[in-house]
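Visitor: Sequence:
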Amino acid sequence: MAPLQAQNRNVSTGPNVLHANGYTQAHSQYNKDLDYHRTAAFEKHSGSIGSVNFTLAHLRPGSNKHQKIGIVSQVVPSVYVHSSAPQLLERGLKAIQPMYEEQILSYGFAGGSSFPLMATDVTICDKNRAPMDMEADGGVIASHYYFVDKAGNRTRFKPNALPFQVLLLVNHRWYRRFEEWMSEQEIRMNQQETDDERLVQKPRKRSGKTTSRTTVPIDDDDSMPEVEYTAGISYRNTVSLPMPTPGPSFTSHTPNALDAPQQQMGTALDPLSAHTPGCSMSAGPEHPLPNVSDIRIALSQQTGPTPKEAFGLVGNRYVNVTLQDLRKDITVQELTVLAQEDNRFGVFEEPRFVRLKLDFSLSISGAFKRAIFGQLLASGQSEATAICAKQAVYMKDGSLKLYPSKDQTRLLAKECLLMAWGNALGRMAFDVRATALKSKPDGYRTRLAIPDVQFVGTALAVEQGEQDRAKIYLVEEFISSTFRKYIHNSTAKISRDASCDPDELRIALYLSFCQHAQYLYTGGNVFVSDYQGGPFGDGSDLVLLTDPQIMTHPSLGRVFADGNVQSSFLAFPREHQCNEFCEDLGLEPFVTDDV
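Residue numbers for the sequence shown follow the numbering used here, beginning at 962 and rising by one.
Everything labelled a hint here was simulated from the structure, so no lab data went into it.
There may be inaccurate statements among the hints.
As the list claims (entries may be wrong) - Okay, derived cross-link-like pairs now, DMTMM-like style, lysine to aspartate or glutamate, Cα gap no bigger than 20 angstroms in a straight line: (1) K1375 x D1290; (2) K1362 x E1141; (3) K1375 x D1320; (4) K1029 x E1063; (5) K1375 x D1462.
Make the full structure from the sequences, and use the hints.
Guide: Set out below in structure tokens:
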């Protein structure tokens, strides 16, 4: 039988070349196209599965290489290869969640602390950090599991394909909050370890009669005495508690040989050459002779100190500073006047001279600040105050570096200005509350007891030294109790951690009321967020807050650092949920366009 002849057709693939079967090259391409489109139409329902390796990672700004977050990586063997990007994201988060929680637990934080990770915090990408199309119906990773021909068309399935690499890249905002949370947890853990070590230390034996002291023995004792809260304003009673009055430098209270009265000729001023009765080597024996075995044991243990012990010996440093306390009684009205005068330093009290004892062995570095724990002793104070001294840091060549002094002044003064607005807006919320309670009948009480909250005492400390090398510190009261995040700056909703305890939930609800009042009475221009802190002490009714974020309307520009998230501010009226405090104190609920 003669072969069938191809019909003459105008095709784009070139001239018609007769094949032995009677079909042309154009027919062959048509069949391939037909097979491809048939496969594309039916492969979504083919049930093909493959392995996917999900890895949690972060890409720092300006970096071209992502970093894994711990060891959070998980291979999932049975993933539908034609899944859409949202389906892969959901599957990936579910797969890595156990390892993520295990990673957090491996840090050894107390109380099983955890940090939330949600789908909104993550962008799903391929191994080259290219984001996947979240709008595509599916098949974003399917090509990895098929053989392809020279034209790039998929042919048959590869059952033994290697796992497809998927990166779950957390956004910068989440990673910044995560590092801050990690720093806070490490600070509390180190403080707890220090407290535990002090509990097991044996008390020193005292001989002779005791005498009363007028100064804190910080020179010969590393213990941190309990501190009474003596600074600032309580939002409950608005009683201004006095700060220590300015006094001379701490060094004037440190006696030395030059302060001693002149002695007669022949009397040694050197304490090492002074003779103590009963200590002469020629005197009679007053103590029993030591045991030879005890001597051998003691001598065998006279090895050099460990690096940790050696650092602990020089870790404590004493710094004379000029301290400028942040005014806690400042109001929003005063801040507006200072802004009109372009005066950013009117938020401080008059400077005073104090001495800081900083324990650098307890320093912790986060993404933006280094925190050093220690004590503050001022003239007129009978006891030291537990503090946390902070300095601004930045990342360079994979390690954290301290900013120079001129930049420290700019950055830390900005932190003080942010705290000043936090104090002022907090007072405004108190005034709203007080006005509402005055309109109520005598004896009226809100359904939930109103907590007593305020921000920690804050100051800017300048080391007394060379002008261009003087170190700058942001000094804050130390919160010794369990640290808690009440409301994040990314949402108006109560944090999950605060929702688990009735007392902490009550505090968070009151802070949510404060946000409502601040937003309402500033015409929708500003409110305080990122509420975090804890009770002043175990069992204390006073709640101390730190590191707030001031949220402002986007029309005001980029102010108050990167934590001022525009999308969160705009979503506040919709996300805020009025609670018992809002209702009992007469705040009008927000009216939104949502149905």
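Visitor: It remains to establish, for every hint, whether it holds in the given structure.
Guide: Verification of the supplied hints:
no.	hint	verdict
1	K1375 x D1290	holds (18 angstroms)
2	K1362 x E1141	holds (17 angstroms)
3	K1375 x D1320	violated (25 angstroms)
4	K1029 x E1063	holds (15 angstroms)
5	K1375 x D1462	violated (34 angstroms)
Hint check: violations occur at hints 3, 5; the rest are consistent with the structure.
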